[in-house]
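Trainee: So the chains spell out like this:
There are 4 protein chains.
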Amino acid sequence: MSQARESCGVFGIYGHCDAAELCYLGIFALQHRGQESAGIASSDGQRIRCHRGMGLVSRIFDKNTLDQLHNPMAIGHTRYSTTGSSLPINTQPVVAEYSQGQIAIAHNGNLINAPLLRRTYEAHGSIFHTTSDTEVIIHLLAKPDHVIKPDPLAHVLNHVQGAFSLIIMLPDRIIAARDPHGIRPLALGRMGTGTYCVASETCSFDIVGAQYLRDVEPGEIVELDHRGMTSRYFCQPGQVTPAHCVFELVYFADPASLVFGQNVHTTRLKLGRQLAIEQPAKADAVISIPDSGRCPAMGFSQESGLPYVRGFVRSHYVGRTFIEPSQEMRDISVKMKLNVIRESIKGKRVVVVDDSIVRGTTTRAKMRSLRQAGAKEIHLRISCPPVRRPCYYGVDFPSSDELLAHDRTVEQISEFLDVDSLGYLSQEGMLSCMDQPADHFCAACFSGQYCVAVDPQVSKYSMERNQLHMF
Amino acid sequence: MSQARESCGVFGIYGHCDAAELCYLGIFALQHRGQESAGIASSDGQRIRCHRGMGLVSRIFDKNTLDQLHNPMAIGHTRYSTTGSSLPINTQPVVAEYSQGQIAIAHNGNLINAPLLRRTYEAHGSIFHTTSDTEVIIHLLAKPDHVIKPDPLAHVLNHVQGAFSLIIMLPDRIIAARDPHGIRPLALGRMGTGTYCVASETCSFDIVGAQYLRDVEPGEIVELDHRGMTSRYFCQPGQVTPAHCVFELVYFADPASLVFGQNVHTTRLKLGRQLAIEQPAKADAVISIPDSGRCPAMGFSQESGLPYVRGFVRSHYVGRTFIEPSQEMRDISVKMKLNVIRESIKGKRVVVVDDSIVRGTTTRAKMRSLRQAGAKEIHLRISCPPVRRPCYYGVDFPSSDELLAHDRTVEQISEFLDVDSLGYLSQEGMLSCMDQPADHFCAACFSGQYCVAVDPQVSKYSMERNQLHMF
Amino acid sequence: MSQARESCGVFGIYGHCDAAELCYLGIFALQHRGQESAGIASSDGQRIRCHRGMGLVSRIFDKNTLDQLHNPMAIGHTRYSTTGSSLPINTQPVVAEYSQGQIAIAHNGNLINAPLLRRTYEAHGSIFHTTSDTEVIIHLLAKPDHVIKPDPLAHVLNHVQGAFSLIIMLPDRIIAARDPHGIRPLALGRMGTGTYCVASETCSFDIVGAQYLRDVEPGEIVELDHRGMTSRYFCQPGQVTPAHCVFELVYFADPASLVFGQNVHTTRLKLGRQLAIEQPAKADAVISIPDSGRCPAMGFSQESGLPYVRGFVRSHYVGRTFIEPSQEMRDISVKMKLNVIRESIKGKRVVVVDDSIVRGTTTRAKMRSLRQAGAKEIHLRISCPPVRRPCYYGVDFPSSDELLAHDRTVEQISEFLDVDSLGYLSQEGMLSCMDQPADHFCAACFSGQYCVAVDPQVSKYSMERNQLHMF
Amino acid sequence: MSQARESCGVFGIYGHCDAAELCYLGIFALQHRGQESAGIASSDGQRIRCHRGMGLVSRIFDKNTLDQLHNPMAIGHTRYSTTGSSLPINTQPVVAEYSQGQIAIAHNGNLINAPLLRRTYEAHGSIFHTTSDTEVIIHLLAKPDHVIKPDPLAHVLNHVQGAFSLIIMLPDRIIAARDPHGIRPLALGRMGTGTYCVASETCSFDIVGAQYLRDVEPGEIVELDHRGMTSRYFCQPGQVTPAHCVFELVYFADPASLVFGQNVHTTRLKLGRQLAIEQPAKADAVISIPDSGRCPAMGFSQESGLPYVRGFVRSHYVGRTFIEPSQEMRDISVKMKLNVIRESIKGKRVVVVDDSIVRGTTTRAKMRSLRQAGAKEIHLRISCPPVRRPCYYGVDFPSSDELLAHDRTVEQISEFLDVDSLGYLSQEGMLSCMDQPADHFCAACFSGQYCVAVDPQVSKYSMERNQLHMF
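Chains as they are written, first to last, in my numbering: chain A, 1 to 471; chain B, 1 to 471; chain C, 1 to 471; chain D, 1 to 471.
If you are wondering where the hints come from, they were derived from the structure by calculation, not from laboratory data.
Errors might be hidden in some of the hints.
No distinction is drawn between identical chains; accordingly, a pair holds when it is met within one copy or between any pair of copies.
Unchecked claim - Mimicking EDC-like on lysine to aspartate or glutamate, the simulated pairs with C-alpha atoms at most 20 Å apart in a straight line are: (1) Lys346 <-> Asp435; (2) Lys348 <-> Asp418; (3) Lys337 <-> Asp291; (4) Lys376 <-> Asp439; (5) Lys63 <-> Asp331; (6) Lys149 <-> Glu122; (7) Lys376 <-> Glu415; (8) Lys376 <-> Glu223; (9) Lys337 <-> Asp62; (10) Lys376 <-> Asp225; (11) Lys282 <-> Asp418; (12) Lys149 <-> Glu223.
Full structure from sequences and hints, please.
Mentor: If you want it as structure tokens, here you go:
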């Protein structure tokens with residue numbers, strides 16, 4: 001699967017002489033969460049500096065820009081967005097100045113009530129430079145009523161609804177906070193005395209050499225400063241039932257990461273095993289769609305006893321076809337990414353495992369490649385239920401109309417993809433593979449049951465419709 | 001002279017199917033006013049789009065970006081800033097959204113009370129994304145008290161002090177306005193029925209094929225919309241004495257432009273003639289420092305009867321020297337721009353005419369080139385008085401300490417430059433070459449008499465000290 | 001393994017209106033054979049045009065360059081070379097003009113007697129622009145004695161010794177030829193009536209939609225022109241024993257390709273199975289070094305019954321670390337490519353399978369990552385024998401001194417890599433996995449038995465020592 | 001004028017630790033002779049290295065490439081070519097290896113008999129990689145018959161016909177040579193004990209700080225090596241009448257240069273004075289077409305007594321118009337380069353001076369700008385005769401058909417340009433301004449009298465027709 005996009009990855013580090021350089025490595029390791037723009041803000045203890053840009057992390061930063069950011073604390077952000085709203089103005093971290101001085105914020109998630117708050121603030125005279133939720137948070141923090149509260153940040157975070165894993169930098173500290181449902185992940189790490197990290201996923205800790213400590217808890221605010229790490233809660237633990245995004249474990253996160261405290265790779269193996277139990281197939285071999293389907297395919301093979309065979313070779317190069325579209329050339333761009341190993345497929349009945357189907361168009365092209373390579377039967381197995389509903393908490397699915405399963409039965413999908421059989425994992429089966437209770441997860445994109453109520457009048461799309469068209 | 005930098009050039013066009021493309025040509029023609037960043041915002045009547053970037057206009061825009069801006073109205077901006085404050089965040093036009101919808105502003109000038117206003121607004125909860133004065137104007141417009149005024153823009157423009165030639169775009173109109181002193185220029189042009197232009201200088205009208213109509217008057221607001229062109233005043237004409245920046249005519253503006261209604265080239269010829277009267281020299285020939293000194297040198301030659309001779313050849317290529325600095329290599333970078341025609345100089349007593357001296361370092365290197373080429377005597381003549389004070393109204397001089405004439409007598413300067421004689425034009429002489437009365441001009445950089453009082457505590461530098469360090 | 005480099009991939013297509021575009025796709029699919037420079041030459045039937053450059057195929061070509069090459073026949077080349085000899089002048093195809101008109105050549109392989117021929121020709125007045133063997137072939141073809149022969153190409157190919165899979169383009173035809181030992185692969189494909197392809201590997205046929213016909217035989221010359229495909233032999237079949245490069249099947253070729261008529265993926269599975277028989281290990285799981293070790297690791301798992309587990313995640317992004325080398329940061333650059341899945345490794349005895357070891361430095365870093373992730377025992381298994389000798393036929397190994405196994409016993413290597421056990425596949429075992437008899441393969445890099453005698457005085461290195469230093 | 005293009009500028013320096021860096025400066029200063037590609041070759045005394053590329057000198061070289069060329073001797077080349085033959089393969093210096101070792105050549109000029117020699121050598125088995133004359137010279141040098149001559153270079157230079165100013169580098173020396181007619185310039189300079197320069201024009205000496213010594217004489221060979229500077233002649237002085245290209249003085253050379261021992265600027269002033277005598281005009285002012293017409297316009301003004309006025313402002317920026325061609329937009333691209341100072345022109349009778357007319361299309365657009373700006377009368381004066389014939393000695397004129405004056409009378413040209421009067425300088429008048437006798441100059445492009453007979457069958461165009469189409 002490749003058409004659902006996580007909006008963001010965030011990383012912060014406090015107390016290291018190479019903070020900006022390590023932050024670069026941290027967001028480099030989080031690019032699977034967003035690879036269309038990135039930024040780093042760092043502070044020398046008094047002034048915040050920032051560099052942001054469009055494109056891959058390795059293109060945006062070089063020795064020179066990192067040298068200019070050389071400071072003992074830094075936060076970074078990497079971001080995806082669909083073509084329409086891929087706006088430079090929304091590149092993060094957002095940096096602004098208000099009565100209390102400078103502030104930089106890197107945000108993963110989506111605020112349900114941001115459009116409403118924005119309208120309210122505009123009515124009171126505020127101006128907005130971006131279309132991002134993150135700017136709303138800064139306006140809330142800057143409000144004179146809030147500034148005088150004992151804990152302005154806690155006060156503000158109680159006013160925003162939805163998903164937020166935030167890393168905030170003030171000139172002298174880094175603050176991490178997570179919404180009461182803990183929808184998006186946020187992990188804490190340590191690198192030595194007085195050096196702390198915070199990141200969307202622990203795979204970024206591995207690359208910088210940090211130890212995973214624990215997650216930032218739902219409703220918790222963690223401050224990293226010269227005193228070390230201190231914690232408080234803006235929402236008491238236990239008051240709200242967690243609603244961790246199950247799609248993080250199914251699809252987004254890096255297999256090497258711990259997410260919500262559980263290993264991603266191991267979880268996906270379990271999903272594959274459960275899939276083999278629920279949706280067995282008479283076949284000669286199991287193959288995976290690289291790279292997303294590899295973990296569940298291995299699990300499926302282990303449970304079913306069918307041999308796991310390599311069916312596709314993934315190209316490590318990026319290229320375009322310059323030929324005018326025509327009958328004969330149609331599937332070339334898929335083949336430039338994935339080539340079939342004919343010998344693994346020819347004359348065989350194959351189980352093909354993938355982690356999910358969103359639009360279904362590239363999946364169809366891949367099935368066609370397998371047919372052309374001589375597959376006798378194709379049994380497609382998906383390690384989650386059909387994706388039927390949008391996400392309002394930070395996953396950038398296409399609109400409902402474009403979701404293949406939105407208004408189609410499994411039979412209709414099977415026909416569209418031209419496979420011999422199609423089996424999805426059940427929601428119960430999926431949730432049974434998790435380390436926490438089933439009701440601690442959000443599965444709204446499958447079930448339509450949203451943990452935070454969404455006013456359809458003020459959905460995230462309303463803001464997009466009003467976005468500033470800047471590019 | 002090359003070290004004083006005008007901050008900006010602005011251009012707007014309403015009612016043309018190729019508005020963005022013509023706006024591109026307009027700001028292209030204004031790059032002598034600022035060549036470090038540029039931007040264009042355009043509107044289809046309902047939504048504003050914008051593209052901005054660092055570098056030359058030709059690098060920032062291409063067919064693709066202009067196609068995305070293809071709309072019937074557009075405003076553009078080109079900008080210079082010294083290295084320290086060359087911040088992408090300050091690239092214009094500034095585009096924001098407030099209670100009344102979208103707004104884009106391109107601004108040439110400098111507001112004296114912007115730092116004070118900024119502090120006030122921050123105290124009331126506003127957040128700032130840039131360090132530019134322009135953002136302050138949008139905050140003022142967004143204030144609920146102001147929004148309800150009969151003419152909010154007029155109200156706001158009465159609250160800001162200093163220099164401003166503004167081009168504002170709302171989704172359905174373009175508005176041009178100029179401060180009551182008319183410090184910076186702003187000209188109106190017409191291209192046909194219902195198509196209007198507004199620009200810092202008329203040289204941009206030539207390139208797009210527009211006719212110069214008249215200047216936007218000091219204190220005037222001109223609106224360009226579907227009704228055509230309408231005018232009103234936020235400050236009654238005659239209430240304030242004009243204070244046009246004389247340095248525009250001496251140095252900044254393009255020789256082909258009309259500025260404050262008078263032709264730049266003709267004015268500079270007059271300055272050269274006056275210089276010859278005030279500061280004659282016994283010499284064999286007159287040469288100019290390309291390209292800035294060419295007009296006054298021709299005037300000097302005409303008045304003095306000394307032959308005008310070509311002493312330097314200017315390279316059309318940009319290059320760097322990669323050699324480690326050493327005795328022998330010192331002046332190479334100056335020579336890469338200007339080469340001396342030895343035969344014009346050798347054994348001769350030459351009058352060298354330039355328009356001004358700011359820091360004096362490159363002037364010294366040029367004088368040294370002339371000596372090395374065999375000049376017998378060098379008589380340097382400058383077509384304005386010594387630049388001794390900073391400008392608070394939009395000219396980006398170096399700090400006072402770096403101004404060569406700040407604390408030096410003419411003799412000391414002459415010695416520093418190692419010339420046989422040095423003569424500056426007097427302030428009276430300079431102003432006598434203008435078409436308007438002498439007291440209609442600001443000559444504060446020479447005299448220290450500022451038309452708008454500057455609170456030294458809240459000078460433009462105070463904001464720079466507080467700037468957001470983004471790059 | 002990543003330090004042995006094949007020199008080249010070649011592709012040619014005759015008789016298709018989109019020949020250059022398909023050639024671009026063809027060399028795109030061959031980039032695993034060389035990714036430091038590439039080129040395409042095409043012909044309209046009368047004149048040859050060419051575009052070459054340094055870097056990845058996707059960077060060198062764009063719509064514009066391909067449009068200029070739009071012609072009904074094209075040949076392409078993609079190339080690797082070590083830093084020292086990475087010379088733009090050696091970029092292929094080589095295009096030259098001689099008495100018979102224009103000629104373009106794309107060459108995979110290495111000619112043993114090229115230095116000698118070069119000296120001879122220089123003595124007769126020839127001048128050389130490159131340091132490549134390929135230029136020597138053109139000089140041979142241009143020799144007046146040869147031009148008059150009944151079949152000049154056949155005559156010339158009998159004079160050169162070593163490895164050559166050649167694709168030659170004359171203005172009106174494409175000619176493919178292969179050395180009598182058939183050292184490097186060269187495959188023929190068909191796309192429809194009158195449209196033929198020739199390529200190093202069949203994976204390039206898949207991407208353009210061509211059918212594999214057969215290999216160009218050792219000693220064969222195949223011509224593709226308006227008459228279709230015709231064949232002749234410059235060296236009679238059977239006269240010379242084949243010596244196919246076994247390393248193509250072990251390491252270089254794409255798993256989806258047929259090489260020497262046998263499927264690469266299937267062969268590597270067999271190598272893994274044989275490895276499990278020869279070098280078993282008491283362990284809990286089998287993991288592979290991505291991507292090269294994946295096929296043999298799956299074979300090892302199948303034979304041994306040990307579960308195949310995912311131990312590493314490979315990053316799809318390219319990046320650099322900008323931090324000064326230090327104790328703490330040492331292994332970061334390896335981790336930026338490969339991250340360990342801790343849960344797969346922790347506390348386990350793992351068999352790690354790779355296809356080969358050349359220098360051993362990155363292998364050592366990977367073993368260290370596994371230790372750090374908590375591996376209890378590491379049993380490294382390699383699906384070929386130790387690489388001990390250089391290749392004179394086109395594989396770009398480092399010099400003997402840099403080959404880890406050159407003068408080390410298996411015990412010493414095991415110690416260097418700090419693994420609990422190390423096992424290599426035997427040469428007999430390796431060759432037993434091939435479809436052709438063992439004596440039809442060249443295994444000189446393992447055994448030192450070279451099929452074409454190499455005069456140590458005139459080795460390939462002698463030419464490199466004399467190379468023209470151009471960059 | 002801007003459509004005649006000199007092919008090349010050459011520069012060499014021996015005996016300086018920063019030779020490559022100074023060579024970079026040298027060719028930088030020669031870019032007016034060719035700005036489409038450039039290259040530098042340097043030697044450490046034993047091996048030659050080279051870097052070449054397409055585009056401006058400042059783009060091709062950076063600190064890194066110059067560091068790799070850091071050596072005590074270097075030669076460089078900068079080159080123009082028309083679109084059709086702008087081939088990377090022809091970028092110079094040409095570097096090759098032959099029996100005597102490495103050789104690099106930078107060549108300004110055109111060899112008349114190169115096509116014939118090329119055919120002969122091809123018949124003897126030589127292969128050609130480029131379409132340049134320069135490669136022919138290396139083939140001649142490599143011929144075994146020539147290698148054994150007492151002075152192979154002298155022998156070879158007697159075999160080639162046409163124009164050549166050559167700078168040759170062998171690993172241990174630099175050699176400069178010039179054809180017996182001395183068609184193209186070549187000057188010698190000194191920088192200190194044992195450090196020598198050689199260059200197309202002395203303006204490059206100014207930038208590196210060298211002293212002009214004298215010209216390399218027609219028929220002379222100058223060697224620069226550890227012994228210092230030595231001279232010999234391959235063609236005895238006086239044996240051949242010089243035929244210096246008068247167009248170098250009229251148009252190509254930099255005004256600051258000495259060419260054929262005479263100052264360019266001074267010569268052009270004389271041409272302008274002579275033009276005023278021959279072609280007077282009743283007018284109010286003299287203006288020039290920047291920058292080429294500035295020198296003769298000043299001379300015209302001095303002689304005629306008419307005031308020299310600034311009519312155009314030249315933009316220092318490069319830009320394109322992205323608007324679809326239309327009636328209203330036609331002349332924009334000319335205006336982006338040159339803007340008219342309306343006040344200098346309006347209502348006036350102006351003499352416009354330019355140095356030459358080649359195609360006439362941009363001249364016509366410029367005349368139209370003047371009319372639009374209100375010029376009452378336009379009297380165009382050209383400081384050379386009508387250009388009617390092609391150049392076979394290294395000036396890249398368009399083909400005869402495209403030369404405006406090829407088959408038009410002065411009246412017809414005047415009508416085409418829509419001017420009130422048109423006057424060309426006579427050939428006698430032009431030659432009377434030279435320091436050497438009239439018969440020491442080649443004026444074939446005006447008169448059709450070629451100093452070296454051109455076989456129309458084997459003209460320079462024949463080679464172009466056979467060029468290798470590489471790009």
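Trainee: Give a verdict on every hint.
Mentor: Evaluation of the provided hints:
no.	hint	result
1	Lys346 <-> Asp435	between (39 Å within a copy, 19 Å between copies)
2	Lys348 <-> Asp418	within (16 Å within a copy, 42 Å between copies)
3	Lys337 <-> Asp291	both (11 Å within a copy, 15 Å between copies)
4	Lys376 <-> Asp439	neither (41 Å within a copy, 37 Å between copies)
5	Lys63 <-> Asp331	between (40 Å within a copy, 19 Å between copies)
6	Lys149 <-> Glu122	between (22 Å within a copy, 17 Å between copies)
7	Lys376 <-> Glu415	within (16 Å within a copy, 48 Å between copies)
8	Lys376 <-> Glu223	neither (59 Å within a copy, 37 Å between copies)
9	Lys337 <-> Asp62	between (28 Å within a copy, 18 Å between copies)
10	Lys376 <-> Asp225	neither (62 Å within a copy, 38 Å between copies)
11	Lys282 <-> Asp418	within (18 Å within a copy, 44 Å between copies)
12	Lys149 <-> Glu223	within (18 Å within a copy, 45 Å between copies)
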